[in-house]
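Chemist: Chains as they are written, first to last, in our numbering: chain A, 2 to 533; chain B, 36 to 153.
Since the hints were made in silico from the structure, they are not lab data. Hints may be right or wrong, so weigh each one.
[Unchecked claim] Some chain A residues near chain B, calculated using beta-carbon distances under 10 Å:
1) Thr59
2) Met259
3) Leu467
4) Arg471
5) Ala498
6) Thr522
[As the list claims (entries may be wrong)] Some chain A residues well away from chain B (every beta-carbon gap over 10 Å; in silico):
7) Arg60
8) Ala122
9) Glu127
10) Arg150
11) Trp229
12) Asn422
13) Ala429
14) Cys434
15) Gly456
16) Gln484
17) Glu517
Think of the CB as a built atom: it goes at the ideal place given N, C-alpha and C, for glycine as much as any other residue.
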Amino acid sequence: MDADIAIVGAGPAGLAAAVEAARWGGRVVVLDENERPGGQLFKQIHKFFGSEAHRAGTRGLRIGEELLAEARKLGVDVRLGTVVHGLFEGRVLGIISGGHTTTLRARRIILATGASENALAFPGWELPGVMGAGAAQTMMNLHRVLPGRRVLMVGAGNVGLIVSYQLLQAGAEVAAIVEALPAIGGYEVHAAKVRRAGVPILTGHTVLRAEGAEQVERAVVAAIDAHWKPLPGSERTLEVDTICLAVGLSPLAELAWMAGCRFAYERTLGGWVPMHNEHMETSVPGLYVAGDLAGVEEASAAMEEGRLAGLAAAASLGLMPQAEAKAALAEVQERLEALRAGPFGEPRAAAKARLAGQAVQPAQPHRESGTGFPACPPTGGEDRPESQPHIVIECTQEIPCNPCETACPAGAITVGEPITNLPRLDPARCTGCGKCIAACPGQAIFRVEPAFAPGRAAVSFPYEFLPLPRRGERWTAVGRAGQPLGEAEVLRVAMPAAYDHTAVVTVAVPPELAAEVRSVTRRAASQSSDKR
Amino acid sequence: MRIREHPILGPAPERRPITILVDGVPVPALEGEPIAAALLAAGYRIFRRTTRHGRPRGYFCGLGRCTDCVMIVDGRPNTRTCVTPAADGMVVETQVGVGRWGKGTDHRGDAEGTEGSP
Chain A
2 MDADIAIVGA GPAGLAAAVE AARWGGRVVV LDENERPGGQ LFKQIHKFFG SEAHRAGTRG
62 LRIGEELLAE ARKLGVDVRL GTVVHGLFEG RVLGIISGGH TTTLRARRII LATGASENAL
122 AFPGWELPGV MGAGAAQTMM NLHRVLPGRR VLMVGAGNVG LIVSYQLLQA GAEVAAIVEA
182 LPAIGGYEVH AAKVRRAGVP ILTGHTVLRA EGAEQVERAV VAAIDAHWKP LPGSERTLEV
242 DTICLAVGLS PLAELAWMAG CRFAYERTLG GWVPMHNEHM ETSVPGLYVA GDLAGVEEAS
302 AAMEEGRLAG LAAAASLGLM PQAEAKAALA EVQERLEALR AGPFGEPRAA AKARLAGQAV
362 QPAQPHRESG TGFPACPPTG GEDRPESQPH IVIECTQEIP CNPCETACPA GAITVGEPIT
422 NLPRLDPARC TGCGKCIAAC PGQAIFRVEP AFAPGRAAVS FPYEFLPLPR RGERWTAVGR
482 AGQPLGEAEV LRVAMPAAYD HTAVVTVAVP PELAAEVRSV TRRAASQSSD KR
Chain B
36 MRIREHPILG PAPERRPITI LVDGVPVPAL EGEPIAAALL AAGYRIFRRT TRHGRPRGYF
96 CGLGRCTDCV MIVDGRPNTR TCVTPAADGM VVETQVGVGR WGKGTDHRGD AEGTEGSP
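The whole structure should be built from the sequences, with the hints applied where relevant.
Modeler: Now the structure itself:
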């Protein structure tokens with residue numbers, strides 16, 4: 002036997018599995034076809050949601066660095082540039098490495114091969130300049146190359162929203178985001194970030210075609226009716242050189258198919274998924290799955306599933322005491338459940354239960370976000386005297402996230418259990434220090450000081466673009482939809498190391514705009530130095 | 036276009052500048068970056084052409100799965116440029132159809148022979 006446990010894929014799930022298994026003395030080998038470990042984790046430069054236990058509020062790439070360091074410390078054998086091309090009888094992996102083929106036998110195998118982006122066919126989709134949103138993200142965040150200058154994003158799920166924001170951070174323009182569904186599928190806080198940066202989100206719209214002789218030169222978009230048919234006369238031509246597709250992910254399940262795993266179709270998890278029990282073991286004994294292959298979710302869930310698979314595999318080999326294994330597995334499962342709570346997570350939790358063959362009640366009618374009930378309005382601060390500085394929390398959906406709670410030194414913000422609760426602000430305790438502003442991964446917290454000076458209010462907001470505003474400069478204040486509202490004088494730019502590159506910018510604006518201003522832009526900035 | 040400054044990632048990490056040959060033209064690259072990154076940074080978007088109609092194809096999935104970005108690299112056709120690291124002096128050629136083995140094959144003759152594409 003070449004290894005106790007062989008893991009295919011060195012992404013968040015695979016590395017987390019390796020760490021758990023190696024902790025108990027298992028000989029663990031991780032195989033990955035890429036030249037770098039970490040899967041897609043190192044291109045996730047935004048602050049993650051989740052709870053303290055999930056390193057919430059930490060950027061994905063830093064979580065990746067920690068995970069990798071831990072795996073190396075435990076002596077995990079990570080083999081990069083190594084393609085696993087097959088899974089054969091007797092748990093033998095077929096491998097191609099350095100241009101040669103070989104095999105590796107292991108007592109347990111964990112597949113953590115991830116997912117790939119779905120494509121979308123439309124006239125011109127094959128032109129250079131049309132690419133996956135994740136492909137664009139890889140190019141700009143890993144390789145530091147801008148894949149295009151002016152981009153149309155197709156799809157307003159979390160991937161489309163996050164990559165749009167990151168395209169802006171990298172210096173590209175995003176002409177628009179089109180979403181065929183009547184509502185935004187991703188988190189409202191992600192949508193809010195791109196909106197106030199001036200990007201229109203067109204729901205009920207699709208891309209009709211890409212135009213250009215040798216590469217993308219334009220995109221034509223149109224509104225669609227309830228039957229997904231373009232509405233005549235609604236066509237609009239956008240001058241773009243790049244079209245990014247963010248229309249979902251599908252599990253990379255070839256090896257699991259090859260091994261003869263039983264599969265089930267779960268739309269919320271990305272399509273055909275290998276069935277697995279609550280400890281991630283498939284219908285093939287000794288073969289485990291974890292991460293996006295086991296159902297497309299986000300990196301935090303992938304890591305927890307990896308931990309489950311690693312623990313379960315180690316326990317099944319007798320590497321760890323049964324009682325300890327049981328307790329450890331239960332603890333991870335509890336954290337996973339927290340990640341799958343709330344209106345976004347519940348359909349996934351139900352799908353996972355079905356995959357494990359558990360009897361579940363028929364799925365409750367679940368509202369697509371943005372339809373049905375209206376979103377909860379922003380909370381906080383209203384009952385303070387108007388002149389007092391106060392915090393406004395514009396977090397209106399039940400997503401699993403609580404860094405604001407721990408960031409507050411005064412204990413004024415409560416999320417509690419489950420972590421999908423909306424944060425509650427206790428105005429009596431809030432000192433208005435603003436530490437929560439940079440901590441919120443959704444960038445949904447603001448500080449408003451209505452009577453900062455005679456005739457002037459101050460607004461503080463998070464800011465993650467270059468160039469950073471500087472004290473004394475005059476920028477254009479913008480509202481929640483990125484609309485210009487007037488002139489803003491920059492009062493302060495705070496970016497201590499603890500904020501990890503999120504600046505908290507404070508600007509002075511006319512008092513009547515204090516409730517509207519949520520960011521600034523250089524677009525159409527007035528040349529107003531004469532007024533100073 | 037290279038992203039030199041970034042609000043989260045800071046300045047681009049230092050990497051050794053190298054030169055690759057793209058259809059005979061020297062193109063600056065950084066050692067170890069994917070060939071596709073060097074090409075996009077230098078403004079190249081067409082990586083290969085289809086057999087019958089000579090239609091252009093380029094970077095699409097960035098994961099080494101879709102094979103839209105394959106080129107002839109050091110004489111090896113169907114090399115996935117999005118996952119193949121660039122090395123100094125590497126010979127990279129636009130691929131037509133399934134390509135041919137060997138450096139400096141007359142790929143440009145092939146391309147010109149298809150529907151007058153450049």
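Chemist: Taking each numbered hint in turn, which are not upheld by the structure, reported in ascending numerical order?
Modeler: 1, 2, 4, 5, 6, 7, 9 and 10
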